[in-house]
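Number of protein chains: 2
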Amino acid sequence: MFTRIDHVGIACRDLDATVDFYRRTYGLEPTHIEVNEEQGVREAMLRVNGTDDGGASYVQLLQPVRDDSPVAKFLERNGEGLHHVAFGTPDVADTANTVREQGIRVLSAEPRPGSMGSRISFLHPKDCGGVLTEIVQAPHSDG
Amino acid sequence: MFTRIDHVGIACRDLDATVDFYRRTYGLEPTHIEVNEEQGVREAMLRVNGTDDGGASYVQLLQPVRDDSPVAKFLERNGEGLHHVAFGTPDVADTANTVREQGIRVLSAEPRPGSMGSRISFLHPKDCGGVLTEIVQAPHSDG
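If you read the sequences in order, they're chains A and B.
Under the UniProt record's numbering, the residues of the first sequence are numbered 1 to 143, in order.
Under the UniProt record's numbering, the residues of the second sequence are numbered 1 to 143, in order.
It cannot be assumed that every hint is accurate.
[Said to hold, decoys possible] Under 7 Å between C-beta atoms, here's a sample of chain A residues computed to sit facing chain B:
1. I10
2. C12
3. V19
4. T31
5. V35
6. M45
7. G50
8. G54
9. E80
10. G130
[What the hints assert, rightly or not] Covered, in the sense of this in silico footprint (three residues per stretch, anywhere, with C-beta under 8 Å from a C-beta of chain A), are these stretches of chain B:
11. 4-10
12. 30-43
13. 68-74
14. 105-119
No lab work stands behind these hints, which were simulated from the structure alone.
Fair warning: this is a prediction, and the values are worked out from it, not measured in the lab.
Positions of the beta carbon are idealized from the N, C-alpha and C atoms, including for glycine.
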């Protein structure tokens, strides 16, 4: 079902400063920066390693671009820090259906646009031991 | 410096129930369960994928075994959920020194015993954008 840890999502207040921190401190470079209007975030993907399913694992840095975005609300409640974990899967719609059948609430009826052309769904953290869990299908995936 | 996302650490109150959730819901199996007396946790490692540095990425589930352990205090403050992210490195002592020179507080003078024979150090979350960040050297690593 899950073939890789796709990324770890980290909420921050200043994306450029945080990108700079990861570059300066750890040598991690952003491979992609984009705005996801639907999620209300500007985000940077920092590739850490390749994975044996042909994909890769990233650090994803997230800055809210509007006050009512979920990440803005997270920052208000919790401050900066770990926001979610995302698992790669060959078929996000199929995986969403499978976990839905286990009684997990999936936060959108259909998969939504994610980073770098991916398709994503979020699972309700209250159904996942407090962990906001994302499932990700890479673009051009067979699934 | 970092060659992989080694694991994502998740704090839980009942390790066996949480292992069972990850198995039942996602098909992830524990490859290793151990008690780390120093950290005050019982922990399960669930392998998700192999990584192109010859290692692997895991979900690490953590249950406190004493009330004064850092994970017990985390659960009191935050409830269950994402606790830390760990990056693999060939030489944990060398990486700790490098980040220390960047002004990051390293939470132990020397690396400590981690999961499955690894050596680990934690970096202070207040110096890392709110993220409790672990660095991990696998056993038998050249570094």
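Restraint: A:V35 near chain B, CB-CB cut 7 Å. Satisfied or not? Violated. Min distance 20 Å.
Is the coverage entry for the region 30-43 of chain B by chain A consistent with the three-residue Cβ rule at 8 Å? Check failed, 0 qualifying residues.
A:G130 as an interface hint toward chain B, with CB separation required under 7 Å: Check passed: Cβ of A:G130 comes within 3 Å of chain B, closer than 7 Å.
Do at least three Cβ atoms from the region 68-74 of chain B come closer than 8 Å to Cβ atoms of chain A? violated (count 0)
Classify the hint on A:G54 as holds or violated, based on whether any CB of chain B lies nearer than 7 Å to its CB. Violated, about 10 Å.
Should the hint that A:M45 touches chain B count as held when the rule is a Cβ pair under 7 Å? Violated - the Cβ of A:M45 stays beyond 7 Å from chain B, reaching only about 13 Å at its closest.
Hint A:C12 vs chain B: min CB-CB distance below 7 Å? Since the shortest Cβ distance to chain B is 6 Å, the answer is holds.
Does A:T31 meet its interface restraint, that is, does its C-beta lie within less than 7 Å of any C-beta in chain B? The hint is violated - A:T31 has no Cβ within 7 Å of chain B, the shortest such distance being about 14 Å.
Would the hint on A:G50 stand, with a C-beta cut-off of 7 Å toward chain B? Nearest chain B Cβ about 4 Å off; hint holds.
Per the coverage rule (Cβ-Cβ under 8 Å, at least three residues), is the region 105-119 of chain B covered by chain A? This one is violated; 0 residues, fewer than the three required, reach chain A with a Cβ under 8 Å.
Report holds or violated for the interface hint on A:I10, using the least CB-CB distance to chain B and a cut-off of 7 Å. Since the shortest Cβ distance to chain B is 6 Å, the answer is holds.
A closest beta-carbon separation below 7 Å is what the hint needs, so does A:E80 meet it against chain B? Constraint on A:E80 satisfied, holds at 4 Å.
This entry does not satisfy hints 3, 4, 5, 6, 8, 12, 13, 14, going by the numbered hints stated previously.
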